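Undergrad: Next come the chains, spelled out residue by residue.
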Amino acid sequence: MLLKVENLQAEIEEKQILKGLNLEVKPGEVHAIMGPNGAGKSTLASVLAGREDYEVTGGEVEFNGEDLLDLDPEERARKGLFLAFQYPVEIPGVSNKLFMQTAVNAMREERGLAPLDMFDFDEYAKEKIELLDMRADLLERSVNVGFSGGEKKRNDIFQMALLEPKLCIMDETDSGLDIDALRQVANGVNALRSDERSFIVVTHYQRLLDYIKPDHVHVLYDGRIIKSGGFELALELEENGYDEIVQQYKNA
Amino acid sequence: MAKKLSPVAQQARDFYLQQAQAKSTAENGFLKQVRENAQAKFAAEAFPTAKDEDWKYTKLTGFIQHHFTTVGTSEAVADKIQGYMPGFPVIKLVFVDGWFSESLSDDLSELPKGISLESFSDTLSMNSELDQLFADEERILSEPFGCMNSMLMSDGFSLQLAANTTLELPLFILHLQTKAEHLSAVRNRIDVGQNAEVTLVERYVSLHSEGAGCNNIVTEINVAKHARVKQVILQQQNGESYYFNNQFITQAQESHFNTFFASSGCVVTRHQNHLYMDGERIENSQNSACIASGKQTVDSRTYTEHNQEWGFSRQLHKYVLDDDAIGVFDGMIRVDQQAQKTDGQMDNKNLLLSDKAKMDAKPKLEIYADDVQCSHGSATGQIDKNQIFYLQARGIDKANAMRMITKAFLLEPAEEIADQQIRHWVMSELETALEKTHLA
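First to last, the protein sequences are chains A and B. Going by this note's numbering, the letters in the first sequence line up with residues 1 to 252, in that order. Going by this note's numbering, the letters in the second sequence line up with residues 253 to 692, in that order.
Worth flagging that the hints you see were computed from the coordinates, not collected in a lab. What you are looking at is a predicted structure, and each value in this text was computed from that prediction instead of being measured. Beta carbons are placed, not taken as given, at the ideal position from N, Cα and C, and that holds for glycine. Wrong hints could be hidden among the right ones.
As the list claims (entries may be wrong) - Footprint (simulated), chain A over chain B, 3 or more residues, beta carbon under 8 Å: (1) 522-528; (2) 626-639; (3) 681-690.
To be verified - The following residues of chain B were derived to be distant from chain A, with all beta-carbon distances above 10 Å: (4) K255; (5) T277; (6) E449; (7) K650; (8) A653.
What the hints assert, rightly or not - Calculated cross-link-like contacts (lysine-lysine; reagent style BS3-like; alpha-carbon spacing at most 30 Å): (9) K97(A) / K311(B); (10) K293(B) / K15(A); (11) K275(B) / K311(B); (12) K97(A) / K79(A); (13) K152(A) / K659(B).
Model the full assembly from the supplied sequences, consistent with the hints where possible.
TA: This is the structure:
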């Protein structure tokens, strides 16, 4: 088991958002977490990545056999957890190159590898730029400054490609993207799929899942997963919306 | 009539007046007159207090407890120079405790034709047209430390570039303070002829790691038509010292002037540009990057007068403040009614690394023309939590993330430095200074 979430409870500003969430992800699996607004989707992504604003009030999370909740965000990243942001952050004056060279070398240190110097890093980054068909001047530009919404999301995918994580959590990566940008992002993700790498795709809509086919689909509502199934569950949601499933859950 | 002063301020005022009188009694002619004018003004007006609007946040209570003497110098510093040289070719001028050192400086007789460079003390003793040299005393005297400089000025340099001459190498002016309780009263005069070009790099350092020293500098720069002047100033004195600099720059039409000020160290730093754009189509930039920690105050201010059409001015001032430090920015862009089509921008951004650090910013515009484009802004805040988390989420530890973000913030104004070697050198000096904040 790569990720095991048991009875996870979390709050922000004293408001309970996650109310006992369970989830298991095996290596190579793609899980979709779907749900209406306010269900706690982004909270789940943030809590797993270690954002400070959220307080975990109960439950356990095991990542690769380790207690994930005990680790700082940077330690989680170094151990192979990656969060693709709903709103990737702009950092004026810090080049993508400096940012990613520092990040890649932090990972390498964790794995007991020698740091990449400027030239080795350039070569390594160039491969990934070509793989993902990114603009050539990407590395010289400040992190996300002056990027369109689509470019920012693709920059996150590029970072994912460089850092080679074990688990990628995609927090509403599809929000705000037009269909072309959505396809580019999905192509990037598909290029990075492998038997060892798992994905948790958090989304409100099914459209991203047409491009990134999940093995499992979960419906998150009111801080809990209320229904799980295969890809057909996503289709069902697209057809009927969340109301029916939510109603069934409330009646039960 | 003299101001009502505290006994401590009175003693300090009387001390500096005595120092000044010791100089002026030994002099004669026009210089004596200049000194005595300054003394009279200083006697009546020194020192400004927190009641003076321009000195509200930059307190002199510490300064007046010292009695900095202008007398004396030290020559045994030859082996220290190398450590302060930048790693690129320059023409070197070395000042020790404010006095020009011929033996430590490069040979100035080999300069290209049309360029003359001499010590200011030589100018004072040999120039027969001192009335022209001191034509603009009035505005210097209007600044308290300008006034003090006029009555105490000892040395500095005079640089004249004839029309169409270029000093290819940057002029590197190194000021070494060797001892505590010493004041260097530095006066510089720079005249850059039509279509002439020069780059100035000034560096102020303390060789004594403890005890307060003081640099009081006045520099006048005249930039003739089509001339180009680039200037970088590094204030790096020790943490107990004082730095007061008043620069008066007059630009003629279609000239360019770019100045960059980097500040770290000193318990009180006050750097002022007074810039007069007296011709059409003038361009200039005034940027600064200031770091302060402990109980330091860093005060950078600009007064920019757009007096003719099509002037273009740019300013970016950034401060990083740690501990109990105080940052002060005061900027005024004044646009005369003649100065149509003026394009003036002034920005000030500040990063507070502690809850106790404080920033006082006053960007101001005074516009008397109706067809202009001017803007000013100021923002103060702490490092954005989202930025830190974004870097952490990529495996970069929090301390390193904060360093990267702060460094990028502080270095932005230095990107305007056109010469790559100078830019890299300045940036690495600023990085070193940042290492001394609690980010390190």
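Undergrad: All hints are to be evaluated individually against the structure, with a verdict given for each.
TA: Verification of the supplied hints:
no., hint, result
1, 522-528, "violated (count 0)"
2, 626-639, "holds (count 4)"
3, 681-690, "violated (count 0)"
4, K255, "46 Å, holds"
5, T277, "55 Å, holds"
6, E449, "30 Å, holds"
7, K650, "7 Å, violated"
8, A653, "8 Å, violated"
9, K97(A) / K311(B), "43 Å, violated"
10, K293(B) / K15(A), "66 Å, violated"
11, K275(B) / K311(B), "28 Å, holds"
12, K97(A) / K79(A), "22 Å, holds"
13, K152(A) / K659(B), "23 Å, holds"
Comparing the model with each numbered hint stated earlier shows that hints 1, 3, 7, 8, 9, 10 do not hold.
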